[in-house]
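Please model the complete structure; the sequences and the hints are all you need to start from.
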Amino acid sequence: MAAYAAGDRRAFDELFERHRAAIWTFFRRRSADPAAAEELTQDTFVGVLRAASRYRPVGAFRSYLFGVAFRTLGTWRRQRRRLAAAHDEHPDRVAPASDPASVLWVRRALAALDEIDREVLMLREYEQLRYDEIASLLGIPMNTVRSRLFRARMALKAQLNGGASRRGDRT
Amino acid sequence: MTPAHPVSPEEVMALADGELDPATAARVRDHVDGCSQCQAVAHGFGAVSSHLAEWTMEPPTLMIASPGARVADRAASRFLHPLVGAIGAAAAILLVAIYANLPSSPAVLSGSPNVSYEEFVAEWRTQPRVAIDLPSSDAKVTVVMFVDWLCAVCVRDWPGTLDIVKNYEHAHPGRVRLLVKDLPWNTACNPTSPQTLRGHEGSCDAAVAVRIADEMGRRDDLTDWFVANQRLPGSAALPPTLIRDHVAQTLGVEDFERRYREMLPAVIADADAALAAGVLGTPHWLVNRIHVSSLAILDMALRYELSQADGAGAAPASSR
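As given, the protein sequences belong to chains A and B, one line each in that order.
Residue 170 is where the first sequence ends in numbering that gives the first Met the number 0, and the numbering goes up by one at each step.
Residue 319 is where the second sequence ends in numbering that gives the first Met the number 0, and the numbering goes up by one at each step.
In short, the hints are calculated from the structure, not lab data.
Please note: incorrect hints may appear among the correct ones.
[Unchecked claim] For lysine to aspartate or glutamate, the following EDC-like pairs were computed, each having C-alpha atoms within a straight-line distance of at most 16 Å:
| hint | chain 1 | residue 1 | chain 2 | residue 2 |
| --- | --- | --- | --- | --- |
| 1 | A | 156 | B | 53 |
| 2 | A | 156 | B | 9 |
| 3 | B | 139 | B | 168 |
Predicted model, so just to flag it, every value in this text is computed and none were measured.
The following block contains the structure:
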């Protein structure tokens, strides 16, 4: 980022190439619509561009980038709730029937969690963020991250133990 | 934490996550190494992680362009987009202004996606082709567009889709075809939709109306009407009665209800096909069965697929 702010355009392109798949999957898991995921991915990098001159290299860039992505996601969710019909943005649909049963199980199990618990778990499992990074991103104490992560994992573990025999029935 | 377990399950979890400071990690590890119950706890968390890892994501299906030029491109498209209105235009101008002050400002003015054809092809080749039943044809490239005619983005992208396909049809007669499939956001004709979305009460009627018009060779007349009457934020959507009245007046169709009942199963079949193909939103395209979720790459997709069919490089058809 420092190189980009100093005028090296390729520096940003390198950052983009390095992180675009991670940001895409971050949004793709949180939106059933691939086009929305693309838009949000671009919005995230636009946000980074806008803030380039103010960027201070404290902490990992990846953590900073997910912070921008998470704020972008929050804005989108609020807009979608407010303007869903007017802008033809569709609520998430159920998983396609072609999804493997195990993936359906994961999506349903995650959907059953408390919203913050789910975010904590997903940020840890999929984005591989550290506890302190998740705490900073969500604006909650690190101990709360740990307790919520524990609760979310226990809930999934309970579902796993209780529902394993039924998973194969789901289509 | 109990007398038998001087560490808490949360600490066991944090140990597995590598989130304990060295001293605490050593203390917890000493206990876990000799405690089968705590090892089972850790194993249980590992099993949860393994199951979560089964939910993998496809690689980006779109050419999300390198940021500089694409930022400008998007800003320009927002500026021109009739749906966005004054607020969006102001934001677009702001974005252009912001970007113009950044080091790569010359790309802003070009307005072209900063993705080369070669870059596109490299990514396109990695995309899977989905299974979907399509009528047989001699065409080498089949573009399937999934639409809801009351979806504002769909009608925005419809003219652009026609332009691209027609340009290639002109340059490569008989080798390109466009199929339109319905994906209305209305449960009356799309059982896969979780609900009938507000503003889409007439989507089923619109789907049938376009099918009727297509039979009469008047499809473009009717779709032009949908484009001209696309719903703006805050404005009312086209109601079913208005669509039916328009079809009666312009196409002379007096038995719309009967035709509706006849054609409804075909609309439902399209929606089912969309679901089976993994199409989750509108507008959406398949180019020779590869997903395309943005009009921005449709041209390059056709160019590449034609080049493969011809066994040589196909020149871009568009002079745009």
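Verification of the supplied hints:
1. With a C-alpha separation of about 15 Å, the suggested pair residue 156 of chain A and residue 53 of chain B falls inside the 16 Å cut-off, and the hint holds.
2. Taking the CA atoms of residue 156 of chain A and residue 9 of chain B, the gap is about 14 Å. The hint holds against a cut of 16 Å.
3. Restraint check: the Cα-Cα separation between residue 139 of chain B and residue 168 of chain B comes to about 11 Å, which is no more than 16 Å; the hinted pair holds.
The structure agrees with every numbered hint stated previously.
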